[in-house]
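Novice: Sequence lines, in order, name chains E and R.
Position in the first sequence (from 1) plus 1479 gives the number in the working numbering.
Position in the second sequence (from 1) plus 3 gives the number in the working numbering.
For the record, the hints were derived by calculation from the structure and aren't laboratory data.
Note that CB positions come from ideal geometry on N, CA and C, so glycine has one too.
Please note: incorrect hints may appear among the correct ones.
Unchecked claim - Here are a few chain R residues that face chain E, going by a calculated C-beta distance under 10 Å:
{"id": "1", "residue": "Arg-42"}
{"id": "2", "residue": "Phe-65"}
{"id": "3", "residue": "Gly-89"}
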Amino acid sequence: MPEASDSDDLELIARCQQGETAFFAHLVLRHQDRIHNLCRRMLGHPQHAEDAAQETFLKAYRHLGSFTPTAAFATWLYRIAINTCLDQRKKNFWDFFFLRSGDSEGPSAEASHDFSPERLYEAQEMSRLLELCLARLSPRLRAVILLREQEGLSYLEIAEVMACSPGTVKSRLARAREELRRLLEKSTEQKKRPVV
Amino acid sequence: MRCQRARRRMSPYLDDALPDGEKAALAAHLDRCPACAARLAGLAAAGQRLAGMTRLAAPVGFAGRVMAGLTKTTRHSPFSLFLVRGAGVALAMLVIGFGILFGRALDAGLKGPQPAAEVSFFSLSHFEPAPPDSLGGAYLAMLETGHGQ
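Chain R with its partners taken away, still in its complex shape:
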C-alpha cells in the first residue's frame, strides 16, 4: 500500500469501518512508514481531544424558558402553513397585477393626445440654431446673399 492510499483509509480505520483485508494492509504499511504512523497518531489525538472536551450542560432554567416560549407559539398544522404561504403568493400576484395595470395606464397616458401648450413648451422649435444678431446668424445671412464666395 502506498502512502496516499494509506492516508485515505486512516479516518475509517479510526472508526473501525474498514474491511479486515484493508485494515491489515494499512497496519502493515504503518509498521513500515513512520510518517504515516505519525499522521495517524495526530488524527487519533485530535479526535480524542475533541471527545474529551467538557460537555456543556444546558443552563439552569433552560427547560422553563422553552416551555414559556411555547405559550407564545402555536403548533402550525400543514393547512395553516398552506394558508400563510397562499396569502403571501396572492399578495405578490396582487402587487404584480397592480403594477401591470398602472404601467399600462401610464403608457396610454403618454401616447394619448397631449395639450398643445405642453407640446409647444417641450418643443425644440423655440430655439433658433443661429439668432440673427449672433456671429452664426451673420454668417448665414452672408451665405444667403452670396457674399460668402
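Isolated chain E, as found in the complex:
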C-alpha cells in the first residue's frame, strides 16, 4: 500500500518519541498527500479538507506515544483521518445551508493542463459528476470505497482503519459500489435525456 517504507517511518517515529520534534516534519512530508487527498474526497470542501488533514497530523503527534508498530503508520494515520473527517462532517453540518455553490468546487480546477479544451471539459464534467455521486454515499460507505479504489488498501487494512471486521468491509464495499454504479448511471441518463 504505502510507497513510504514502514521501517523508515518507524525510525522517524522513534526519533520523535525521543523528543526530536523536527523529525515529525519528515513524517508529515511522506504522508501529507495521501491524507490530504483522502480528506478532500471525504469532505469535498478544500478548506475543510486541509483543516481535517492538519488535525489528523496534530492528533497523530499528540498520540505518538500510543502508536504500536503492529500496524503500518499509514494505516494508523488513515484511521485518525477517517475519524476526523466523520467528526468534521458533524461540525460542518450548518455549512450545507450557508456555503456558496462554488465553494465546494471539485478537482476540476486542478486538472491536468495537457488536455484539449473538449477533453478538459469532459474530464471536469466526469470528475464533478463523480464527486457529486460520492457525496451522496453515506460517509462510511464513501470511506470504504475510497480506501479501496483510491488508496488501494486490502480488506484487512480497511478493516483495521474502520475498526470493523473484514466481512463488514466486504459487504459495505459491495453496497458502496452498487450505490455508486446506480447513481452514475442515473446521472448519465439524466444528462442524455433531451430537454423538452
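Fit chain R to the supplied structure of chain E, relying on the hints for placement.
Specialist: Then chain R, alone, in the frame of chain E:
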C-alpha cells in the same frame, strides 16, 4: 448460479477475492446472462473512474503549517489525560453535591416555622365565598332565616 447469487459475488470478483470455484461459476453465469454482465461492467466502470480520479496533493506549505501547529500543542501523556478527566469528574461531583445541599436547605426552609404575617398573607381565609352585600350573600341569609323554603 442464479442472478441474485451472482450479484452478491460481483464485488469480491472485482477484487479477485473469490475462491476459484465460485469465480468459474460466476464467469459461466455472466456468459449466459447479459443483464448481469452489464451490471458487472457498470460496477467495474464506477471503480475505475474512482481509481482514475486526480489525486489531490497537499497544498504548498502544508507541512510547515502542521509544524507551526505543533508548537501550540503539547503531547499529552496518558497521565495528564487522566488528570484532566479526573478534574472534570471532580467538578461535576462538586456541582451535584452543591445542588443536593442547596436543595436540602431550601426544602428545610420551606418546611420550617414561617412568620405569621406571611402565613396570613397567603391564606385563603381572607376571602369570603359570598360577601353579605352580594347576591350569593343575600341567598345564604335567606337560607339561614328559613325564607328559602
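Novice: Evaluate each hint against the coordinates.
Specialist: A quick look at each hint next to the structure:
1. For Arg-42/R, the interface hint holds, the least distance from its beta-carbon to any beta-carbon of chain E being 8 Å, beneath 10 Å.
2. Taking 10 Å as the C-beta contact cut-off toward chain E, the hint placing Phe-65/R at the interface holds, the least distance being around 5 Å.
3. For Gly-89/R, the suggested interface contact is broken, since its CB lies about 19 Å from the closest CB of chain E, more than 10 Å.
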